[in-house]
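Chains as they are written, first to last, in numbering that gives the first Met the number 0: chain D, 0 to 94; chain Y, 0 to 94; chain P, 0 to 94; chain R, 0 to 94; chain W, 0 to 94; chain G, 0 to 94; chain X, 0 to 94; chain S, 0 to 94; chain A, 0 to 94; chain B, 0 to 94.
None of these hints come from the bench; they were simulated from the model.
Here a beta-carbon is modelled for each residue, glycine too, at the ideal position from N, C-alpha and C.
Any given hint could turn out to be false.
[What the hints assert, rightly or not] Some chain S residues judged to face chain Y by a derived CB distance under 10 Å, without partners named: (1) Ala12; (2) Asp15; (3) Val17; (4) Gly47; (5) Phe73.
[As the list claims (entries may be wrong)] List time: in silico EDC-like cross-link candidates among lysine to aspartate or glutamate, alpha-carbon distance up to 20 Å: (6) Lys38(X) x Glu20(X); (7) Lys38(S) x Glu65(B); (8) Lys38(R) x Glu26(W); (9) Lys38(R) x Asp28(R).
10 protein chains.
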Amino acid sequence: MLFMVRMQVSLPADLDPVRREELVAAERDYSQGLQRAGKIAAIWRVSGQFANYCLFDVDSHEELHECVSGLPMFAFISTQVEALSRHPNAVDRDS
Amino acid sequence: MLFMVRMQVSLPADLDPVRREELVAAERDYSQGLQRAGKIAAIWRVSGQFANYCLFDVDSHEELHECVSGLPMFAFISTQVEALSRHPNAVDRDS
Amino acid sequence: MLFMVRMQVSLPADLDPVRREELVAAERDYSQGLQRAGKIAAIWRVSGQFANYCLFDVDSHEELHECVSGLPMFAFISTQVEALSRHPNAVDRDS
Amino acid sequence: MLFMVRMQVSLPADLDPVRREELVAAERDYSQGLQRAGKIAAIWRVSGQFANYCLFDVDSHEELHECVSGLPMFAFISTQVEALSRHPNAVDRDS
Amino acid sequence: MLFMVRMQVSLPADLDPVRREELVAAERDYSQGLQRAGKIAAIWRVSGQFANYCLFDVDSHEELHECVSGLPMFAFISTQVEALSRHPNAVDRDS
Amino acid sequence: MLFMVRMQVSLPADLDPVRREELVAAERDYSQGLQRAGKIAAIWRVSGQFANYCLFDVDSHEELHECVSGLPMFAFISTQVEALSRHPNAVDRDS
Amino acid sequence: MLFMVRMQVSLPADLDPVRREELVAAERDYSQGLQRAGKIAAIWRVSGQFANYCLFDVDSHEELHECVSGLPMFAFISTQVEALSRHPNAVDRDS
Amino acid sequence: MLFMVRMQVSLPADLDPVRREELVAAERDYSQGLQRAGKIAAIWRVSGQFANYCLFDVDSHEELHECVSGLPMFAFISTQVEALSRHPNAVDRDS
Amino acid sequence: MLFMVRMQVSLPADLDPVRREELVAAERDYSQGLQRAGKIAAIWRVSGQFANYCLFDVDSHEELHECVSGLPMFAFISTQVEALSRHPNAVDRDS
Amino acid sequence: MLFMVRMQVSLPADLDPVRREELVAAERDYSQGLQRAGKIAAIWRVSGQFANYCLFDVDSHEELHECVSGLPMFAFISTQVEALSRHPNAVDRDS
């Protein structure tokens, strides 16, 4: 099942640079792990903001929460979550 | 270039049913035309709302405006538009 | 899977009284049908408002949308939808 | 009498990990105590957020305040409170 | 039990003047009936707005909803409802 | 003249406990002094929030400001202030 | 006593032109009457909007409400009202 | 002096098509007149919305209001107005 | 040219008392200097808030910015700025 | 392609003055570099606020993000981004 999650990140400006790099690296690893596992189907940067859209494809609401709350930057992220369903006008791309 | 557009539709409750069906049909045709032309890369229904997320892939800002303002329901739609760029953590799915 | 949906209803003040009664009756039938089918697990009136909280228990995001958009009053309702998961502090009531 | 309370938690990102664990544990004990006493009739996690919906069943407005303000994390929680009443469309599940 | 209800009234500017007077008169009768019954403990006009604060003293959440939704102008009123409890700093005026 | 003031209090979670108790005690003394002087005509706790409604009865706008800005917790309080006047539907309780 | 009132006017675009002119003329007469009576101490147009700031100098909250609710365009106006008091830094211009 | 004005246009969906075309044509003429007179220094469409940014270069606040309120579509437009001044980092392009 | 500026001040609650007094004194001197120079035409306290309305009368947008950004408390102030023009209904007080 | 970006800057009031000057200087150099490279087509100060409008002219959404996120003050800036296209009423200034 699909969810569109918009994440706004607010790292403190005075965060220790080493800690910051660690966080960024951990976030990349974590995110790429979820992408390879197919849990994150797509991710886009919002141009001009420290924000992103993340399309989740998960098996349950519990799994969505586990994926999102496990983000290394979760404490710095504000999320908007919307459940998606198939749009009646969507063209079947595989047919 | 990519844009994430969230559309909230507000068809008047007292819209003539025939006019309503015509609008819905015209919207479907228009939307599917843009999908087949690759201008709409994906479209999802927001569950529980008369709303959708629409991922546009266009050649210019002018083309985005032409696509969106050409929607048969445009007069009834409120849009939020965000320009997207590649996310640094995105996994290259084709490699 | 569970969703908490808050619905704010805005029936026009000048709605024809007969049409209004029909809508209210149709809404009751529809809502009770979903309750009996277990799709609406609980429903509460927000005191002092023409609004309610509705706890949906559905099989998919598509089914949620079908249930909500099928409401006879859907054209007059503004919804807020949040996906729920089990709370880590929840006591297991059946054990 | 019933209240729907949505709680958004904002633990500081730099909270001492030991203090954090203590808080989480104290919150669990407190919440489960209220659940066992029947004061919290249900609790759900909002998927993708450090937030929850909590359905309170209390004897008075004073008791609601006592329950909520006694939460170990109260200083970090922002609440929205809505008084509930029986919905006219609710099906009597016990009959 | 006490509730503070702020009501913002939006009568249509083109409402038939006779209908308007009827509504205003019916609202006065209804409001004064609730005041005399002790259900409305106090009511104040918000200066400079077609709005008021209404302090309800009711026996249940159901009664609050019955009182508010029974207002002749209810279809034109937007409400904010907050449950009140005794303030720890309140001086006991009768002792 | 009457004012309805809603106060939302945000004491820092890491406030020194001794300082906190001092503030709470000073606030109680100050508030009760204003109540005894008739400047605060009524005060209610908003159930489930660190907030209150305070009905001021003062002689001037200057006096209102003096009363509110003199609150020991003023630096931690966000206020909404609305001037009240007699409601045309109010029943004269003393006649 | 002083109040700053911001008024946002929303005349319907399809208002009958004769009715519109009548309203505008009635508003002018009413406003100038209040200015000459000293009840409106100053009035400014917000550049680029159908809006204004109006500084009222009235004897009571009741008088403020009478002045504002008596505006011929009151049904089309949304107001924000703030009670003013002397600023501690204000220079006494008459001394 | 410069102003940045964002205009959001809300033409009614059921506007008579002839009236609509007249409005659009009148708006174009009016806007181009102001551009040729140098009062509108630049104008951009917001992609995906019936909205625009308009950079005004006027001689007074009165002239700004005259220009904006004279728009044939003014009754359908909601504006946000911000006064601009030279930015300290701006490079002098003519030197 | 006139501007209405609403300023909301947020001095940190833990500001060093000496620094606070210095700031308040510097703000008073600065404000009174602008008043004597005729740049601030009027200033009012918003009753019940650490906020004010300030009516500026300046020669340019640059001067407005210079005046406002030069406030000793500028780093703690959030501003809303609206350009004013003569209101068509304003009575000429000197004639 | 053009973007209108509104930037609101929130430098901490207690920022070390030397660090502050360095930031301001770095921001100036960076901004002027982008202006000379034609990436920032125009920049204006919002009068009365620590804010600006910045008109970007970039080759891609990626470049926009690179320009904005590279701002030395980026961690202290909140942005609103809108994609622009040619306005149908725009007069061709070069013809």
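Structure-based check of all given hints:
no.: 1; hint: Ala12; in the structure: holds, 4 Å
no.: 2; hint: Asp15; in the structure: violated, 13 Å
no.: 3; hint: Val17; in the structure: violated, 16 Å
no.: 4; hint: Gly47; in the structure: holds, 4 Å
no.: 5; hint: Phe73; in the structure: violated, 19 Å
no.: 6; hint: Lys38(X) x Glu20(X); in the structure: violated, 24 Å
no.: 7; hint: Lys38(S) x Glu65(B); in the structure: violated, 34 Å
no.: 8; hint: Lys38(R) x Glu26(W); in the structure: violated, 38 Å
no.: 9; hint: Lys38(R) x Asp28(R); in the structure: holds, 14 Å
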